[in-house]
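Asker: So you can see what is in the structure, the chains are spelled out below.
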Amino acid sequence: MGPSILIARNLSKVVPSAEGNLTILQELSLELTQGDSLAIVGASGSGKSTLLGLLAGLDQPSAGSVTLAGHDLGPLDEDQRARVRAEHVGFVFQSFQLLDSLNALENVMLPLELDGRRDAREHARTLLERVGLGKRLSHSPRQLSGGEQQRVAIARAFAAEPDVLFADEPTGNLDSHTGERISDLLFELNKERGTTLVLVTHDERLARRCHRQIRLEAGHMVSPMEP
Amino acid sequence: MAHLSLFRLFALAVRQLLRDARAGELRVLFFGLLIAVAASTAIGYFGARLNGAMLLRATEFLGADLVLQGSSPASDEQIERGTRLGLAHATVVEFSSVIATDNGIQLSSVKAANAAYPLRGELRSAPEPFGKETAGGGPAPGEAWVEPRLLAALDLKIGDSIDVGMKTLRLSRVLTYEPDRAGNFYSLTPRVMINLADLDATGVVQPGSRVTYRELWRGDALVLADYRQFLDGNLAPNQRIRDARDGNQQIGGALGKAERYLNMASLVAVLLAGVAVALSASRFAVRRFDASALLRCLGLSRRQALTLFCLQLAILGSLAALAGALLGWLAQLGLFALLDGLLPADIPEGGVVPALAGIATGLVALAGFALPPLAALGRVPPLRVLRRDLLPVPPSSWLVYGAAILALGLIMWRLSLDLLLTFALLGGGLIAALLLGGLLLLGLRSLRRLLAGAPLAWRLGLGQLLRHPLAAAGQSLAFSLILLAMGLITLLRVELLDTWHNQLPADAPNYFALNILEDDKAAFSKELAGFSSHAAPLYPVVPGRLTQINGEAVQQIVSKDSAGDRAVQRDLSLTWAAELPDDNTLSAGQWWQGQPQADVVPGVSVEAKLAESLKLKLGDRLTFVIGGETREAVVSSLREVNWDTFRPNFYMIFQPGTLQGLPATWLTSFYLAPGNDQQIVALSRAFPAATILPVDALLEQLRSILAQVTLAVQYVLLFVLAAGLAVLFAGLQATLDERIRQGALLRALGPGGRCWSRRGASSSACSAPPAACSPPSVAR
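Residue numbers (this note's numbering), protein chains in the order written: chain A, 1 to 227; chain B, 1001 to 1780.
Bound-form chain A, shown alone:
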């Protein structure tokens, strides 16, 4: 077992609402090691995306702590957390989140350019070839199918060689066949690069491909992590 890359301790998230404080997550703890994969499952509104946001440092917990790649996110401000994300984290989203104004190659180049990589273009091209889009480099997102867009998003997520990849319903907008191929690609790359994968999904089959799963219900973990 490798070193812990992601540790959450007693995470809670409470938000104010018209009816008083609303608890979205309550005292949730987990720990992942390098190369691990975790599926977070649960019904809509169970707190899955909130948990993902907290683990990735996109949001701050009301209580508890998150340690990502050795950085305790609690005391860090937004810009410091952004720096941790830039160095250690990749994302794949349900809605792909590609920039419409950029073509496939440019979308994959984006994190590399932000990181100042001189070989951004070459590296992005290699990755797109790896995900089977070597002939679609100059296509804009609008010219690509949903599955192709998600492959571009996966290539972008792996471009900066993250330690942890967060995927939010990566197959949620795709038909089952395409979804299957996308999840194959995701796990292949995960395995190739030794990335830790945290994915939120409704898809039980996808969840089962992960080493571990947790199920959330109303902000509580009802099915604990399996070792």
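Hints are all accurate, no fakes.
Partial list, derived from the structure: chain B residues whose beta carbon lies under 7 angstroms from chain A:
hint, residue
1, Asp1020
2, Leu1294
3, Arg1296
4, Leu1298
5, Ser1301
6, Arg1302
7, Pro1382
8, Val1385
Where chain B lies over chain A, by a calculated footprint (3+ residues, C-beta under 8 angstroms):
hint, stretch
9, 80-87
10, 94-101
11, 109-120
Note that these hints are calculated values from the structure, not bench results. From the three backbone atoms N, C-alpha and C, an ideal C-beta is built for every residue, glycine too.
Given the structure of chain A, go ahead and fit chain B onto it with the hints provided.
Answerer: Only chain B this time, still in chain A's reference frame:
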């Protein structure tokens, strides 16, 4: 990511911008700004060049760009400095002298000029009285050019000789027009023009003689300004400087009005453009919320994300501003090409200032109107990548409106250079906006209640508007103000053209008759009534000098080179009148009823601007020296005088019964249709003492200037219209996404075509694009 330098951000911004431009999202912003800068630059150039052309015309009234005038010759140092600066130079010496012939004598106004004179405009002359005019040239040594009335008075013809002092000169031509005569014809004796080379030989100019020396200068404006600055510090007490600005009141009035109008029009164009920029910047920001969230998610800091977008906007703004300035420059070239033949050929170039000013105006508008919506991009929470409903906290309304008002204030100040006017306009605009906004809000809230039972099409069309009455009121208000501004500009144009038309009707007086003797008055009036139905009343003229105000010498009260100073340096034409003249309006005090009582100091009515310069107020006691006698009068009223008309007008009008008994001549102006020159000749012969002065040339010049200004006004409206179109375009673009989304949804739900078109109509008629000058209202 922390090491992402500004250079790298800049490079990234350029790359993003190129890619975004390809996607077409930034085109609205680019074109909005392009039109703004182009309109502002074109108007700037047009105004500056037209102003230059008009000033050039106005300089004709001086015969030069700058005149140094004094009762003694200019010093060698003053002449040398001007010559060293490379200015063109001419010298004119003027004095009164009795012209003697075998037929008699006539007091005349002699002008001795060298060959360079005039530096602006041209002399015109004819081979015989009322013969065919030709322009250019001047009397050669040994020759004299004279006005026709001298020929009439002394029964001379061309070819005869006259004596000016000790020098005998041959009359070679009839002088019909002197460019620099127009502004100063009230105290005229017939003109005799001679060559400066003959001046010494006349022996007329001796120490102590009453002579006016005028050094005429022409050259580049900057060099002239430099020279003027030198002169200001080296001016003898008996010298003063004149330039086109104080050349002629009629021209000055027309120029001032035109300049104010052009500035007002460009202000409206910039205001419109500002709204277009605000709309497109708001759309720019809204459409980049996702990108901003993603970039933050990928590790960009808040400041870096904001810098990246600001750089994009700055690059885009600079490119649009440069392209706009070029387009504006080309537009004004095209405009002047269109007006070829109507405008003088030697229109001065505008320089780079209008282009720079246009660019600066565009960038200030961009900063004021676009930065606040853009600031929201720095506040987009990165969590938006997971929850698209998360929106940045909208910027404070104070920031949004404050920045826009500050930008607007700066632009207004630049255009008007009048801080008080800027505050007044901004204050007035704010009060109007608050009142109108309040009314709109009330109206929209009432409409919301009414709409509950309205058909679906109306509820769909107006629902979006009425759900947020405050934002909708803001948007409607912005567009109302735009329409108001455009309407105001159009109305002002009509008003301006009417004023000018009334100022110079076709039958405006084209002759002045001066120096009509008391004994000739009745006969002259009768003769005049015989051939002109458009004659002004006859006014008495008594030359007199204002010497004291409330017992204190006037020289100690007035400031050097002010209008008041000029008025007290010379004899004023004093008059008396029982009734207030037509072109005058009282601004203070009362007009008198009848003559003063024997033991009361009589009243005098003073022209308001002169009164201001002399620091006069009602009740002040003025002392005049008239024909060696001292007379006192009390300021009983102040008058606004319309100097733009070609009728006799006076600085000082006395109560009837106060100047009678003093030597007076009479003055009038009248209109005589062209082609009736023989009647003028007959009039001159019947009343040889009177001076009949044609002002056709002056009128023609003024008409030509007004024609140019009128054209400018017409074309300026085109630019305002272009800016208005930019707003419309930006507005339509700004609501496009929402309309497409709603339209697709409606079509999917399947309402009939009528419902669809009604919804569009009701929405378009009532709504303004969202976020006009408001925080990105997508926050809702």
